[in-house]
Structures are given as structure tokens and as C-alpha cells.
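Peer 1: Listed in order, the protein sequences are those of chains A and B. Note that my numbering has the first sequence beginning at 1, numbered continuously upward. Note that my numbering has the second sequence beginning at 1, numbered continuously upward.
Partial chain B-side listing against chain A, Cβ under 8 Å, derived:
#1 Gln-15
#2 Leu-191
#3 Thr-230
Just some of the chain B residues that point at chain A, by a computed CB distance under 7 Å:
#4 Leu-290
#5 Glu-292
#6 Tyr-294
#7 Leu-323
#8 Glu-324
#9 Cys-328
Keep in mind that the hints were calculated from the coordinates and are not lab data. The beta-carbon is built from N, C-alpha and C at its ideal position, and this holds for glycine as well.
Now for the letters of each chain:
Protein chains: 2
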Amino acid sequence: MKKFINKVDDVVVEQMQGMAAAHADIKICVEPKYMYRSDSPNSEKVALVSGGGSGHEPMHGGFVGFGMLDGACPGEMFTSPTPDQMLECASKVNGGPGVLFIVKNYTGDVMNFDMATEMLHEEGIPVQSILVDDDVAVKDSLYTAGRRGVGTTVLLEKIVGGAAEAGYNLDQCADLARKVNTNGRSMGIALTSCTVPAAGKPNFEISDEEIEFGVGIHGEPGRKRIAHTTADELTSMMANGILEDEAYTRVVREWDRVKGEWEEKEITNEPLKKGDEVIVMVNSLGGTPLSELYVVYRKLAEICEAKGIKIVEKLVGSYITSLEMQGCTITMLKADSEIKKFWNAPVNTPGMRWGV
Amino acid sequence: MKKFINKVDDVVVEQMQGMAAAHADIKICVEPKYMYRSDSPNSEKVALVSGGGSGHEPMHGGFVGFGMLDGACPGEMFTSPTPDQMLECASKVNGGPGVLFIVKNYTGDVMNFDMATEMLHEEGIPVQSILVDDDVAVKDSLYTAGRRGVGTTVLLEKIVGGAAEAGYNLDQCADLARKVNTNGRSMGIALTSCTVPAAGKPNFEISDEEIEFGVGIHGEPGRKRIAHTTADELTSMMANGILEDEAYTRVVREWDRVKGEWEEKEITNEPLKKGDEVIVMVNSLGGTPLSELYVVYRKLAEICEAKGIKIVEKLVGSYITSLEMQGCTITMLKADSEIKKFWNAPVNTPGMRWGV
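Sequences and hints are given; from them, build the entire structure.
Peer 2: Written out as C-alpha cells, the structure is:
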């Protein structure tokens with residue numbers, strides 16, 4: 001294992017320290033571990049808090065800043081953060097209008113954010129929790145019941161972050177977040193594995209001739225393992241996986257602040273159809289360089305045009321990664337005027353900045 | 001070789017097409033190959049043109065846009081572009097105030113940009129050419145007489161790009177570019193090799209226990225091959241290589257527009273000293289994820305503080321890469337008020353954007 005790390009036990013804290021050293025707008029707490037905006041708490045806005053296992057940088061810590069998150073809780077590598085991290089982070093950044101938790105659908109994350117939601121409610125802080133489950137590759141996975149939460153998380157943090165800056169209240173933020181999640185779909189391919197420092201060996205084995213189609217961001221198995229082929233074919237497989245995904249209905253739990261209990265809600269992703277406008281993200285899993293992402297984007301744009309899907313905004317780069325894994329994911333988010341408006345709102349974070 | 005590519009011969013053009021598809025502000029010509037701002041030519045500003053072998057993305061094509069380059073000429077992978085690319089690109093973006101070529105010190109690049117300079121002069125277009133030779137690792141290398149041109153190129157394109165937007169004339173742009181180059185130093189380490197598609201096999205062999213200290217951006221050998229060690233030690237080696245670099249004097253050739261001939265000029269890099277302000281870049285060679293760069297930045301900040309070197313601005317990410325190579329480079333640029341002013345000027349390119 002060759003990486004720029006020191007002691008395995010210190011990796012996560014040292015990455016946090018490096019980020020705080022490089023970005024004056026971000027402060028960190030190391031016991032328990034969380035990152036937050038240095039201008040927190042802000043009494044004028046809903047606070048957005050996310051978190052999850054480390055190893056997916058810049059998500060989430062790199063999205064702390066103006067126009068995105070107020071706080072982020074990094075777990076150990078590929079391991080959920082704990083409820084006390086979430087509770088302390090949320091208490092730190094809450095300025096009064098409440099806290100929205102953004103949770104990727106992995107069993108540990110869901111369980112711990114649920115506990116933190118209940119604890120925050122007990123403390124009298126208005127709280128809502130939104131689940132992201134956008135990975136069309138598989139239903140149920142290694143660490144997940146239902147679909148995994150992947151790339152749509154990045155777009156959601158940007159869009160709802162913009163809305164929170166604009167003064168949306170907690171329920172409005174939650175409604176928008178729910179809409180972004182049900183409008184978003186993702187699919188990924190891994191060319192290589194990755195190595196969690198504490199394990200010291202690759203997360204899974206894959207030969208020089210194979211790829212994992214539908215891989216998860218922790219290297220979870222996808223739909224199938226196939227022979228490596230051209231970028232155009234790989235892109236078509238990912239794009240068609242998204243474009244041909246049918247209506248997806250499931251029951252999610254959301255927090256009822258009035259009753260102080262969880263309620264079950266049925267939600268449905270409607271399939272993408274001709275004429276839809278979409279925001280797309282072509283994302284590196286960490287080890288795939290930008291240049292290859294453009295080869296993928298080139299084909300994706302052709303496919304969308306041929307299918308009558310209009311790409312209105314795009315993001316090409318490394319946003320949700322899996323350590324040094326070589327691979328790529330595509331996310332497509334059906335965009336209406338509200339989503340487009342907040343997509344284009346100003347943002348200033350280490351991991352995402354807008355042009356002048 | 002597993003990459004997101006189609007036919008080996010099409011890789012560079014398809015990457016350009018993908019970039020143009022993703023970024024409406026960038027247009028491309030594929031015969032000969034160059035990329036340029038869609039609002040070119042601009043009669044109000046000096047046009048900045050760079051280029052070099054492909055495989056280092058986002059440099060240079062990703063830096064075409066407001067506040068940086070007007071045009072970029074990609075060669076084949078790790079291969080210099082040709083004089084006709086440079087000539088046509090420069091002619092396309094010249095709006096009257098002339099063209100500044102930004103040239104990294106590799107034998108092929110220098111020879112071809114020299115020819116293009118003479119040809120552009122013949123056509124009556126004011127032209128100046130600036131060499132970047134900032135890599136302190138080795139004197140003379142696989143493709144270079146003198147020091148190689150690496151990370152300072154990125155900072156130079158940003159800073160002189162800002163000055164050109166602000167109305168600096170051609171000589172002023174060249175003077176500032178020369179100052180940035182003589183104020184900049186870089187050093188890199190490779191953990192792994194990389195594979196040029198046309199070769200189909202790794203550029204060099206390196207074992208799981210070794211690193212290449214002082215590597216070039218084409219995998220050129222550095223100072224020595226040593227056992228892999230901690231991030232802190234690797235960072236210290238790179239930082240000290242820069243901080244302990246002594247005065248470096250060499251003769252460079254620059255174009256005399258009045259006489260229409262090359263003149264030789266002796267220039268010297270003065271060593272960094274206590275009290276200096278610096279802009280630093282911690283850069284991934286492509287396959288090293290952002291998270292590890294922050295571990296490096298953490299130590300670099302400690303070292304600079306201990307030595308009385310003040311980091312005033314920083315950049316952490318993938319800016320000048322070597323395909324999918326895992327590795328990291330550090331660049332330190334001594335900054336005066338002029339350099340800081342244009343570092344902080346607005347910029348909007350695919351590869352570098354400023355915050356709100």
C-alpha cells in the first residue's frame with residue numbers, strides 16, 4: 001500500500017487538519033470529529049449537515065462553505081460517523097431555524113442519523129432528515145437495504161444549500177431535498193479496486209481485463225462483472241442504466257417534528273422521458289484523471305441528444321470518490337426551474353466553486 | 001491497460017471534443033488541434049497561448065477561459081505540439097495587442113514554440129515567448145536541457161492571465177511572466193507509474209515498496225529512488241528540496257521583436273528566505289486523491305511556519321497531472337504585491353474557478 005499517509009489511525013484527523021489549514025473558512029473539532037463553517041451559527045438560515053464514511057473526498061467536508069453545507073461529520077474510512085458527532089456538529093451550526101440532515105442510504109448511516117435526529121429533537125432543535133437513494137445499479141447491496149446513496153448527494157447539497165442561503169425554511173429545504181432525490185439517478189463503473197488504509201490490501205480483486213458495472217462507492221458489487229471495453233460502450237451502459245430505469249417506488253421514514261416520531265412515506269422516482277431537462281455529473285471515483293472523464297462526457301452528450309434529453313448544466317470532475325479507485329460515475333438529475341435556480345446560486349467551498 | 005478511451009489514435013481529439021461539449025466558452029479546432037476562447041479574438045488584451053503534450057489535464061486546455069489562457073495547443077500524449085498548431089491558434093486569438101507564448105522547458109516544446117514565434121513575427125503579429133523551468137529536482141533530464149517546466153506554469157497562467165485581462169501590454173505580460181518563473185520552484189514524488197495509451201504499458205516500472213523522488217511529469221527519473229515512507233517524510237523531502245534550493249542562474253533565449261532575432265538573457269532564481277510570502281500548490285499527479293493531498297498540505301504548512309515562510313495563498317487539487325500516476329508535487333512561488341493582486345483576480349475556466 002503506497003499512499004501519502006502517516007499512521008493508519010491518524011489518517012482521517014490529519015486530512016481534516018490539512019483541510020482546515022488550507023481553508024480558513026472551515027474549522028474542525030477532532031473529538032468528536034466534525035467540520036463546520038467558521039461563521040457558524042447563522043441565525044438567518046437553516047443549517048445543512050451531512051456526513052458519512054471518509055474516503056469520498058471532497059464529499060462531504062469539502063462541501064462545507066457558503067452555498068452548501070454548514071457542517072459535515074466524517075466517519076473512519078468507509079465507516080459511518082457516530083450519533084454524537086452528528087449531534088455535536090448540528091448543535092454547533094444550528095442558529096435557530098433548525099437543521100437538515102442529508103443522509104446517504106447505508107444501513108449504518110441511516111441508523112446513526114436516525115438516533116441523532118431523535119436526540120436533537122429532544123434538545124428542542126428543529127430537525128429534519130432526508131435520505132438519498134439514487135444508485136440505480138442494484139436494489140439492496142452489501143451495506144444497504146434499497147438503493148445506495150451516491151452522486152445525487154453532491155447535487156442535492158449544492159441545490160438545497162443555495163435554497164437555505166436564500167431563506168428557505170426547514171420544511172421547504174426538506175421538500176426541495178426530497179424532490180432532488182426523487183429526480184436523481186446514478187450509475188458507476190470501476191476499473192480498479194481501492195485500498196482502505198486500515199486493511200492495507202485492495203477492497204476487492206479485479207483482473208486487468210475486467211470492470212465492475214454498477215459498482216458502489218465502497219467497491220460494493222454492482223450488476224455484473226464484464227470484460228473491459230471502449231469508453232463509448234461503458235458510457236452507454238451507464239447512461240442507459242439511468243435512462244431506462246423505470247418508476248421506482250419505496251417507503252422512506254421521515255421525522256414528524258410535531259408528533260416527535262417517525263412517519264412512513266411512499267415516494268416514487270418517475271422515469272426520465274424525452275423533453276426532460278437534466279443536470280449531469282460525470283465523476284471520477286478518485287484515480288481516473290479528468291481527461292478520461294471528458295471522453296465519457298462526449299459520448300454522454302451524444303446519447304442524451306439522441307434521446308431528446310436536454311443537458312442544461314454539467315459538472316465534470318472528482319466530487320464523490322472511492323479513495324484512489326479508477327472508475328467513473330454518471331448522475332442525471334431532472335431539473336425544473338426551482339432546481340436550476342439554486343444550481344446556479346453562488347457557492348464557495350473547497351470542493352465546488354462557481355465562476356465569476 | 002484499462003482506461004476510459006476508445007481508439008488510441010482518437011484519444012486526444014475525443015478529450016478535446018468532450019471538453020468543448022461540456023464548456024460552451026471553449027471552442028476547438030481539430031485540424032490542426034487547438035482550443036480557444038469562444039469570444040476570441042479580443043482586441044482589448046494580449047492573448048496568452050500555451051501548449052504541450054497531452055496527459056497533464058486540466059493543464060493547458062482546462063485553463064482556457066476568462067482570466068487565464070486565450071488558446072492552448074495539445075500535442076499527442078507526452079509529445080510536443082507542432083509549430084502549425086501554435087501558429088494557427090495564435091493567429092486565431094490575437095486581437096491586435098499580440099501573443100505571449102508560455103512554454104514549458106522540454107526540448108521539443110522549446111524548438112517548436114521557437115519556430116512558431118519566428119513564423120508569427122513574419123506575419124507581423126507582435127509575439128513574445130516565456131520559458132518555464134521551475135523543477136528543482138534535476139538539472140538536465142530525459143527530455144530537457146536545464147530544469148524542467150512544471151507546476152509554476154499553472155500559477156503563471158493564472159497570474160499573467162489576470163494581468164492580461166487588466167490591460168497589461170505584451171512587454172508587461174512578459175516581464176511579469178519572467179518574474180513568476182524566477183520566483184517559482186517545484187518538486188514531485190511518484191508512487192506509481194502511468195500508461196500512455198499508444199504504448200499500452202507503464203511508462204516505467206516501480207515496485208510496491210519504492211517511490212521516485214523528484215519525478216518529472218512524464219515519469220522522467222528524479223533524484224533518487226527510495227523506499228516508500230510516511231507522508232510527513234515525503235512532504236519534508238519535497239519542501240526541503242525547494243526551501244534549500246540555492247541561487248540558480250542560467251541563460252535563456254527571448255525574442256527581440258525590434259531586431260527580429262533571439263537574444264540571450266541571464267536570469268537567476270534567488271533562494272527563498274525567512275520572511276518571504278509564498279503561494280503554494282499541492283498538486284495530484286492524477287491518481288492520488290484529494291484527501292491525501294490534505295495530509296501533505298498539513299505538513300507543508302507546519303514546515304513553512306517553522307522556517308518563517310508565510311503561505312499567503314494556496315491551491316490543493318489536480319492541476320498539472322501525469323495521466324493516472326499516483327503522486328504529488330509541491331510548488332512554492334515567492335509572492336510580491338503584483339503577484340498577489342493578479343492571483344486574486346477573477347477567473348473562470350474549467351480547471352480553475354474563484355469563489356464568490
